[in-house]
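Engineer: Turn these sequences into a full structure, and let the hints steer you where they fit.
Each chain is listed here by its residues.
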Amino acid sequence: MRYAMAIDTKKCVGCSDCVVACQTENNVPIGYCRDWVVESVAGTYPLVELEIRSERCNHCDNAPCVRCCPTGASHIVEGGVVMVTPNKCIGCGACIQSCPYDARYSHPDGYVDKCTFCYHRLVKGGRPACVEVCPTRCMYFGDLDQPQSEVSQILARRKWKVLAPEAGTRPQVYFLV
Amino acid sequence: MKEELFVSGRNIPNIDPHLNIWHWQIPLYLFLGGLAAGLIFFAGLYTILNKEKEFPTAVKLASFIAPPALVIGLFMLFLDLKHKMYFWQLYTTFRIESPMSWGAWTLMAITPLSFIWSASYLKEVVPGWDWKNKWLDRFEAWVIGHRKQLAWIQVVLAVILGVYTGILLSAFNARPLWNTSILGFLFLTSGLSTGAATIMWMSKNHTERKVFGRIDFLLIVIELFFITHMLMGFQASTEVQIQAASLFLGGDFTVSFWVFVIVLGLVFPGVLEVLEIRGYRIPVAIPALCILIGGLIFRFIMVEAGQVTRYLY
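In order, the protein sequence lines correspond to chains A and B.
For the first sequence, my numbering assigns the number 1 to the initial residue and increments by one for each residue that follows.
For the second sequence, my numbering assigns the number 1001 to the initial residue and increments by one for each residue that follows.
None of these hints come from the bench; they were simulated from the model.
Treat the hints with caution; some may be incorrect.
Subject to a maximum C-alpha distance of 35 Å in a straight line, what follows is the list of computed DSBU-like cross-link-like pairs (lysine-lysine) [as the list claims (entries may be wrong)]:
#1 B:K1002 / A:K159
#2 B:K1002 / A:K11
#3 B:K1082 / A:K88
#4 B:K1053 / B:K1148
#5 B:K1002 / A:K88
#6 B:K1082 / A:K124
#7 A:K124 / B:K1084
#8 A:K10 / B:K1002
Listed next, the stretches of chain B that the computed footprint assigns to chain A, with coverage defined by at least 3 CB atoms under 8 Å from CB atoms of chain A [claimed, not checked]:
#9 1002-1008
#10 1013-1024
#11 1086-1100
#12 1172-1181
Even glycine gets a Cβ: it sits at the ideal position worked out from N, Cα and C.
Structural biologist: Pasting the structure below:
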């Protein structure tokens, strides 16, 4: 099993519903967020191009945060989801330094926190909260190992990119372009 | 032109607008760790070479600086942890891929060793010292009998410690300024250089001072060579590393890097040491202090500037 997410940058309107849903679902402390929306404008008027991306932890196949963790608090669970065990985390910040996406933050309680793909929902057969609430249905989620899954189907049909592939992390959040 | 905006209003403390998760404690620790590595290395080296008599400061007196340096350094590391009460989790496991795990275990070994090493010379340095305990006396006798073996362990651990202070940073490919394999040896060289400078400063023996002046000069030359190659490597690398190098080549850290690290911390003491070798009388405190301050500032700049650099997408 290999969980992955695909986000359609052509459909996303940048409403930030995914951000609020995540903060509510995961009780994210005020002033912090596990996902966020980036508006990228390239070119100069009148030749401009706009891309809107809902970003989060990429749950990398080659996760630098897991490699550099001195205690094993950062680990990979079934389905390739990168998780943090708060009671093993010493708050050294190595994983935060190692993430090319700046997807991790230091929780006010001291441990490091991040997107979990809403693992507590996945184990019950659900989908991440952000995917569930998206009003434009621009987010797809599922198992890459199953060719019939929503995410495998859309990635087979559409052109996509991942963020900073040159960082060698093999990210598993795909952006449809 | 490309402009990226967080439309969801992201402003996470210590992450945005750029990373600032490691503060003054880390560079101070990197400096103290490097200094201790240098002192322990030279104490071990001259013991292995059977030159305790010719280099009394390196082997005996200066080794007393290493234990407090390591303890203060460890305390700095502890201060920087955000989930402090769980620090013991470091010692429940060994993660071969994590430089920090290597560092934690190396410090666990080298800190008590450096205490034992200094304690075994206490009687020679402090006249009239008495342990007042027969077990401690016996242990001291055992240590004195095994100094050679201890010296070998110390030298190996000191090199690991010195390299580790650099690899701790270079293992993060997400921070392009740190992501160069030369950093481990650059930090080791710098650590050895600060150690040599301290020995040179403390020494009252003319020949020892001269030898350490020469060692230090050699280390300065190697360090300048490594720094040049680091910048050359960045310039010949990808866009993110070219931008990282530009912080030192016209960017925000240009003045602090070239004035404090290169000129004040390396070139100036190097020139003074050459003059000393040529026979001019130079107060040894000046080059020694310059090297120590330069080494400290170098680590502050590297830690701070590295966190500014990141991947672009």
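Engineer: If a hint holds in the structure, say so; if it does not, say that too.
Structural biologist: Right, here's what the structure says about each hint:
1. A hinted pair counts as satisfied when its Cα atoms are at most 35 Å apart, and K1002 of chain B with K159 of chain A qualifies at roughly 22 Å.
2. As the CA atoms of K1002 of chain B and K11 of chain A are separated by approximately 21 Å, the hinted pair is consistent with the 35 Å bound.
3. For the suggested pair K1082 of chain B and K88 of chain A, the alpha carbons sit about 12 Å apart, so the restraint of at most 35 Å is met.
4. For a cut-off of 35 Å, the pair hint linking K1053 of chain B to K1148 of chain B stands: about 15 Å separates their Cα positions.
5. Straight-line distance between C-alpha atoms of K1002 of chain B and K88 of chain A comes to about 40 Å, which puts the hinted pair past the 35 Å bound.
6. Proposed proximity of K1082 of chain B and K124 of chain A is supported: the alpha carbons are some 32 Å apart, at most 35 Å.
7. Using a Cα cut-off of 35 Å, the hinted pair K124 of chain A and K1084 of chain B holds, with the two alpha carbons roughly 34 Å apart.
8. A C-alpha spacing of about 18 Å is found between K10 of chain A and K1002 of chain B, which places the hinted pair at or below 35 Å, so the restraint holds.
9. For the region 1002-1008 of chain B, the stated coverage by chain A is satisfied: 7 residues place a CB nearer than 8 Å to a CB of that chain, which reaches the threshold of 3.
10. Counting residues of the region 1013-1024 of chain B whose beta-carbon sits less than 8 Å from any beta-carbon of chain A gives 7, enough to reach three: the coverage restraint holds.
11. With 11 residues bearing a CB less than 8 Å from a CB of chain A, the region 1086-1100 of chain B meets the requirement of three and the coverage assertion stands.
12. Coverage of the region 1172-1181 of chain B by chain A holds in this model, with 4 residues showing a Cβ closer than 8 Å to a Cβ of that chain against a need of three.
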